[in-house]
Amino acid sequence: MSTEKVKEAIAKVLPDVETVICWQGGFDAIHATPCFVSSPEQIDKVIWSPLCAQNLASYLPSMKKKVGIVVKGCDSRTIVQYMQEGLIDREKVVIIGIPCTGVVSVKKILKEIGHEAVLDASFDGSGSITVRTPKGEKTLAIADVCPDKCRTCQYPTPLVYDHLAGDPITSDKPKESVYQDIREFDAKTLEERKAYWEKELDRCIRCYACRNACPMCVCQDSCIAETREPHWISQKLSLQEKFMFHMIHALHLAGRCVECGECDRVCPMDIPVSKMKKKINAEMKELFNYETGVNPDDKPPMFTFNVDEVKIKEHKL
Amino acid sequence: MSVVAEKELRVVGFLCNWCSYGGADTAGVARFKQPTDLRIIRVPCSGRVDPLFVVKALLTGADGVLVSGCHPRDCHYTDGNFYARRRLEMLKRLLPFIGIDERRFHYTWVSASEGQKWQQVVAGFTNRLHQLGPLHAKKENEG
Chain A
1 MSTEKVKEAI AKVLPDVETV ICWQGGFDAI HATPCFVSSP EQIDKVIWSP LCAQNLASYL
61 PSMKKKVGIV VKGCDSRTIV QYMQEGLIDR EKVVIIGIPC TGVVSVKKIL KEIGHEAVLD
121 ASFDGSGSIT VRTPKGEKTL AIADVCPDKC RTCQYPTPLV YDHLAGDPIT SDKPKESVYQ
181 DIREFDAKTL EERKAYWEKE LDRCIRCYAC RNACPMCVCQ DSCIAETREP HWISQKLSLQ
241 EKFMFHMIHA LHLAGRCVEC GECDRVCPMD IPVSKMKKKI NAEMKELFNY ETGVNPDDKP
301 PMFTFNVDEV KIKEHKL
Chain B
1 MSVVAEKELR VVGFLCNWCS YGGADTAGVA RFKQPTDLRI IRVPCSGRVD PLFVVKALLT
61 GADGVLVSGC HPRDCHYTDG NFYARRRLEM LKRLLPFIGI DERRFHYTWV SASEGQKWQQ
121 VVAGFTNRLH QLGPLHAKKE NEG
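As they're listed, the protein sequences go chains A and B.
The first sequence: position 65 = 65 (the numbering used here), numbered continuously.
The second sequence: position 104 = 104 (the numbering used here), numbered continuously.
By construction, these hints were calculated from the structure, which means they are not laboratory data.
Among these hints, one or two may not hold up.
[To be verified] So the derived label-pair ranges between C-beta atoms look like this:
(1) A:Gly127 to B:Gly124: 54 to 60 Å
(2) A:Asp186 to B:Gly124: 24 to 30 Å
(3) B:Gly28 to A:Arg151: 53 to 59 Å
(4) B:Ala137 to A:Gln235: 48 to 54 Å
(5) A:Ser128 to B:Thr60: 46 to 52 Å
(6) B:Leu132 to A:Asp221: 37 to 43 Å
(7) A:Val307 to B:Gly28: 58 to 64 Å
(8) A:Pro174 to B:Thr60: 40 to 46 Å
(9) B:Ser113 to A:Leu190: 36 to 42 Å
(10) A:Thr304 to B:Ile41: 54 to 60 Å
(11) A:Gln220 to B:Thr60: 25 to 31 Å
[What the hints assert, rightly or not] Covered stretches of chain B (in silico footprint by chain A; criterion: 3 or more residues with CB under 8 Å from a CB of chain A, positions within the stretch not fixed):
(12) 53–62
(13) 82–88
(14) 91–99
(15) 124–130
[Stated by the list, open to error] No more than 20 Å apart at the CA atoms, straight line, and that leaves these computed lysine to aspartate or glutamate pairs for EDC-like:
(16) A:Lys313 to B:Asp101
(17) B:Lys92 to A:Glu184
(18) A:Lys313 to B:Asp74
(19) A:Lys311 to B:Glu89
(20) B:Lys56 to A:Glu229
(21) A:Lys188 to B:Asp74
(22) B:Lys56 to A:Asp202
(23) B:Lys92 to A:Glu314
(24) A:Lys299 to B:Glu102
(25) B:Lys92 to A:Glu309
(26) A:Lys313 to B:Asp25
For glycine and all other residues, C-beta sits at the position ideal for the given N, C-alpha and C.
In isolation and in its complexed conformation, chain B is listed as follows (with noise of 0.2 Å):
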């Protein structure tokens, strides 16, 4: 739980297994301080990612979704992240057409070296998220 546990947002990560979850872990190792909204769901490759997962998260909950794979051309199996490329940028041209932010959704790219990078991408996505608020409006019952 966070300090300041009702300014909290609800974000969810998705990070592929190689690359972006093991960046994270070193930024953990390294000890970079990072705001503590993201939630992470670790998968395969960011191939994985299908974009009905960010809809669905969007839909039933989340105040922004992230997505993060292995740079282009260093992907684990070859090729994954270069369709989750064409998917994902087709969902965040998709999703303004449907009256969700754009904003409130964004993939990257981050290796397991890039410690500092990762965090400096979870301060900023959380930050901008912070700056548009929460998508949903919170019921009575919820911390």
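Extracted from the complex, chain A is given alone in its bound form (with noise of 0.2 Å):
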């Protein structure tokens, strides 16, 4: 985990591509902020830490020109569902991979210290955030305010890059870890669930940030959601446009989550928008034995078909 590593490539990188997409600093210590360097002397204000949470790769699609990009294990595997789904051209990227050892979630953070403002914040070597604000002191371990996706996270290192800042680490995560929570949600019953999301849900404002954060919603103003024809939902208050509204994000990103956690991120009212397609992304693992954004390979499971399809028998009546 070092800066300079990734100033070190971004330099090498530089001379070959318009901009390289990285993070600096944000307004306070404990945020990170997208930058785009496109001259040497910017290159000064990149900052590589577990404050890098975004998923840069969002940009890539948008991208005419030949860039370079910072990225972590998780990120990666949006480049390569981009590169299945031929959304980017792969000569056009340099990808500046980087081993990560796990991200800070800084809603949890300010959980943590209760929302006071932050005065100056800190990493040792050994894994813990040192955060200051006006009234003290508080040392958190990374691995207590990382987001979910980090504690069964399966490519710490890239899965495609063309550089890379550090040495390729491996997962000491269990396989089976991944899909635990829809495996403990599935067993709750139909009762609970549907009062689950309906308290989550009905908090949901509308406000879009999960859709327009997310990687894989590549529609962006053409995005069902907010076309009055079709009219899929209306700009009623209800429980029922909410609900219509998630399903829509879910359906249309079913086999193609990235699991880059980016809606998580960046709700504000705290909604587990990614469990929904968690939940599709697991049945994808067991009909078609699909992993999103692994093997550039690898087509999308509803993309495709097979005529004598193996797992998927038919219902009975």
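Since each chain sits alone in its own frame, please combine them into the complex, following the hints.
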């Protein structure tokens, strides 16, 4: 985990590309923000730390020129998925991969420090973050304030890269743990599940941040959540409309969601937006043995078919 | 209208133009007795059925949704129902996750000559829904 290595890699890549997409410090010590480096003197402001949670790959489909990009292991799955769906030209992207041991969730840190103003924050080498607020200092283990995706991360080293800043690392998390939460939820009764979603989705303010942040939501201005023709959902403030919006999001990501957790990260109401998509992914794994964003030569399961489906049995009445 | 108006459920059926719609017609011509709860929507192909059609119907008042198309390999457009099969199976597995009983949604294949089978599908599915009861609490002013 060193910023220096990332900077070195960016300096090496910069002459060949229009711009390099990376992170810089944000408005306070626990926020990072995306930045576009297009000249050598800008390299100084680049940072790499567990604060760099954003999935920068989301910018790629809209890029016309050749760009460089810095990605973590989870972000690289987005790039692989773009390649599968033909949304980017691999020749026009130079990927700087970073082996990542986990990022932090700003929401979880703020909760721990009681939403106090942050004066300063620092990381030590042993995996903890110390946050200084007007009320004093607090040291938190990164493992306690990481997003849920990091707890079951299978790909700490990027799956595709041209330059790797650091040494590759392998995951120490069991593969079975990935869909553990989904299986636990499946074990609940139908009424419990219904009540759960009604409670969670009722908070939704339909800001569409989850959709805007989603790297796989590529329809942009043509999203059917906002079109008048067809008019899928109205402006009415009802649970039914909120539910419908989240179903649109989930079903349009069927077998495409790369589980980067951007939707959960940006949700201002703390709704577990990614859960439905994860459920579909778990089913895709079982039905078609397909995992999103892992192999560039795969085809997303909803883009193709087999004449004889082995796992799909006819349903009897 | 059904004879037992207050007991009738709302069932939406998406039928492909080439097989299942013909099958329903065959059943009608042969005068097979069928429950009257089903409202049929004719679509060009089962591949036209967006899983969101089903979700929207179930969220906005339908008690059950039936999708029927040509048998696999018999699609008028060669492969529409192969895509449909994957999508609908995915949906069938997602519905219980969001708290909707997956028995309220059924997809099947009925050809234009299978009037008898169509009658069995409609009767079977409607019976199942009557056992489950209405999905939505009926409002006062509704029939």
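Q.
Quick check: does the Cβ-Cβ distance between Val307 of chain A and Gly28 of chain B fall within 58 to 64 Å?
A. Distance hint for Val307 of chain A, Gly28 of chain B is violated at roughly 32 Å.
(Q) So if I understand the rule, the pair passes when the alpha-carbon distance is 20 Å or less; does Lys313 of chain A with Asp74 of chain B pass? (A) The given pair, whose Cα atoms are some 18 Å apart, holds under the 20 Å limit.
Q. Under a C-beta cut-off of less than 8 Å, do 3 or more residues of the segment 91–99 of chain B approach chain A closely enough to confirm the stated coverage?
A. holds (count 8)
Q: Given the hint that Lys56 of chain B pairs with Asp202 of chain A, test it: the Cα-Cα distance must not exceed 20 Å.
A: holds, 17 Å
Q. So does Leu132 of chain B sit 37 to 43 Å from Asp221 of chain A, Cβ to Cβ?
A. Holds, at about 41 Å.
Q: Decide if the proposed pair is consistent with the structure: Lys313 of chain A and Asp25 of chain B, CA atoms, cutoff 20 Å inclusive.
A: Violated - the C-alpha atoms of Asp25 of chain B and Lys313 of chain A are around 27 Å apart, more than 20 Å.
Q.
54 to 60 Å was suggested as the range; check whether the CB atoms of Thr304 of chain A and Ile41 of chain B agree with it.
A. Between Thr304 of chain A and Ile41 of chain B, where Cβ atoms are some 27 Å apart, the hint is violated.
Q: With 25 to 31 Å as the target window, see if Gln220 of chain A and Thr60 of chain B comply at their CB atoms.
A: Between Gln220 of chain A and Thr60 of chain B, where Cβ atoms are some 27 Å apart, the hint holds.
Q.
Hinted pair, alpha-carbon criterion (20 Å max): Lys313 of chain A, Asp101 of chain B. Please report holds or violated.
A. Holds, at roughly 18 Å.
Q: State whether the coverage of the segment 53–62 of chain B by chain A holds or is violated, taking the criterion as 3 or more residues with Cβ-Cβ distances under 8 Å.
A: holds (count 4)
(Q) What's the verdict on Lys311 of chain A and Glu89 of chain B, does the C-alpha distance respect the 20 Å limit or exceed it? (A) Answer holds: Lys311 of chain A to Glu89 of chain B is near 10 Å, not above 20 Å.
Q) How does the Cβ-Cβ distance of Ser113 of chain B and Leu190 of chain A compare with 36 to 42 Å: does it lie in that range? A) Cβ of Ser113 of chain B to Cβ of Leu190 of chain A: about 38 Å, so the range 36 to 42 Å holds.
Checked against the numbered hints given earlier, this structure breaks hints 4, 7, 10, 21, 24, 26; the rest are met.
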